[in-house]
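Student: Here are the chains, one letter per residue:
There are 2 protein chains.
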Amino acid sequence: MEILDGKKISNDIKDEITVVVSKMKEHGEKVPHLAAVLVGTDGASLTYVGSKVRSCKKIGFESTLIHLSEETTEEELLKQVDALNTNPDIDGYIVQLPLPKHIDEQKVLMAVDPDKDVDGFHPTNFGKMALDMESFIPATPFGIMELLRRYDVETEGMHTVVIGRSHIVGRPISILMSQKGKAANSTVTITHSRTKDLASITRNADIIVSALGVPDFLKADMVKDGVVIIDVGITRVPDESREKGYYITGDVDFKDVSKKASHITPVPGGVGPMTIAMLLKNTLIARARHTARNSS
Amino acid sequence: MEILDGKKISNDIKDEITVVVSKMKEHGEKVPHLAAVLVGTDGASLTYVGSKVRSCKKIGFESTLIHLSEETTEEELLKQVDALNTNPDIDGYIVQLPLPKHIDEQKVLMAVDPDKDVDGFHPTNFGKMALDMESFIPATPFGIMELLRRYDVETEGMHTVVIGRSHIVGRPISILMSQKGKAANSTVTITHSRTKDLASITRNADIIVSALGVPDFLKADMVKDGVVIIDVGITRVPDESREKGYYITGDVDFKDVSKKASHITPVPGGVGPMTIAMLLKNTLIARARHTARNSS
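Read top to bottom, the protein sequences are chains A and B.
The opening position of the first sequence corresponds to residue 1 in UniProt numbering, with each subsequent residue numbered one higher.
The opening position of the second sequence corresponds to residue 1 in UniProt numbering, with each subsequent residue numbered one higher.
It is worth saying that the hints were derived from the structure and are not from the lab.
Careful: at least some of the hints might be erroneous.
In this list, chains with the same sequence are indistinguishable; a pair is considered to hold if it fits within one copy or across any two.
[To be verified] Within a straight-line C-alpha distance of at most 30 Å, the following computed DSS-like cross-link-like pairs (lysine-lysine) qualify:
| id | residue 1 | residue 2 |
| --- | --- | --- |
| 1 | 180 | 101 |
| 2 | 107 | 180 |
| 3 | 57 | 196 |
| 4 | 259 | 196 |
| 5 | 219 | 107 |
Could you build the full structure based on these sequences and the hints that come with them?
Tutor: Here is the structure:
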């Protein structure tokens, strides 16, 4: 059994990007610049955005945090988005979700320039991805693909079962893994809340991607020997005995399932760290595209 | 066994649209206007476009056929596309594929205003569809969904197997049938050229959508009793004994498979006629959206 070590791989990727960025600096080129827009003071959001900004600094990117008050109106936020779209210094930016309830999230995401949409949430990028065109791939599925590629996991002709049809994980990964290319060419089954007898489907899976958010949902009797397990679930379980007051766990009953698996991602330290690395990778890609466009 | 009669249902839909259009005329409202751009003199394309224009006339739509010579440059075609985008009288238009080889098809499709893209081929519409937003759904998968809905075929929780991952059929239908809603909520498996032991997968299917284009590919021993069969294959097989010199056949060995199926689409007369009906439906939807936008 091999652990798919997202922490290690994400560090490798960040190291590779760091090398690229120092060369950019050496050559007097503009380095990638990522901006993040945060509205309000949600604790988890603050943590995520803070961690993204710190990662930028570490690898040599420029970064800008735009922290707006909870009372920001939709109009004000759209103005901010427009300013980021037209600012030539910004290569990519994210609008941290969730937004306060008085703001129409979809309207805001639609206003992001697809060429700067490093989260890959804009329908134009999503459609390009589904139609095998150049786009930004959402960071979590992009991270899963990269993890499979770096560990040389065989996916071609394999039966991949995806649990969950969310817009940010289940749907895109089911598309990506059934396309042509590396870490792809799988036969993919997408399952969800209306799926009947899920266990009979997962038992036939060579690869399982679980993006459900229910702790210990996937048990050993639901998988076959030699299965590859990608656990995208990240749930905070309250636990007063821990310093933080909670612990992080995935969708998979790791202790038992890992005995049957050929490869498995741990939680934490699996898909989670990959997500931020791929956001940085997308920003590097955005910078390269902007350079190519300006010089052509 | 029930035949899913696409010819009958497509006529029903055209009749319903005809009623709506006559009411529009009564009220002095602008009726839907569909334009079609045809480049060159490919026989099949001429037939398809001709049939679309005739259908428009029959149901009371305005229609415009823009027939350009084989020698049309990409720049000239893009100018034409731009003129259609800005012409307020045009509600929707299609660019008939394939285009001559000297023209970049993707570039042309990207230039179509998504609000007039009644073929639903623009990435923005494709992405919106995949993200459960309002969009134009490509006519063939839209037709399949409508056929399932009108015959009240149970899809929720069923296992649907899609054969083929094309951008215009396999990919969109696999997304649509696994979303929430009517004629959807299926557990969907998408299969393709790299899929191993396809028969073992199709034998477990409650519903099979075959969009392969290989005559008589799906045999009776590949399906289970009671299966629902949607045959999207349309192949012209040369046959000198026929007046036209060919006959049309689907992916499914109809004679034997129909004995096991609970529902099955014939070829011709199944999915084919639905495609044109749904193109007209999309044009009606485009008109309604443009009216709503102008009055708001």
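Student: Hint by hint, which ones does this structure get wrong, listed from lowest number up?
Tutor: 3 and 5
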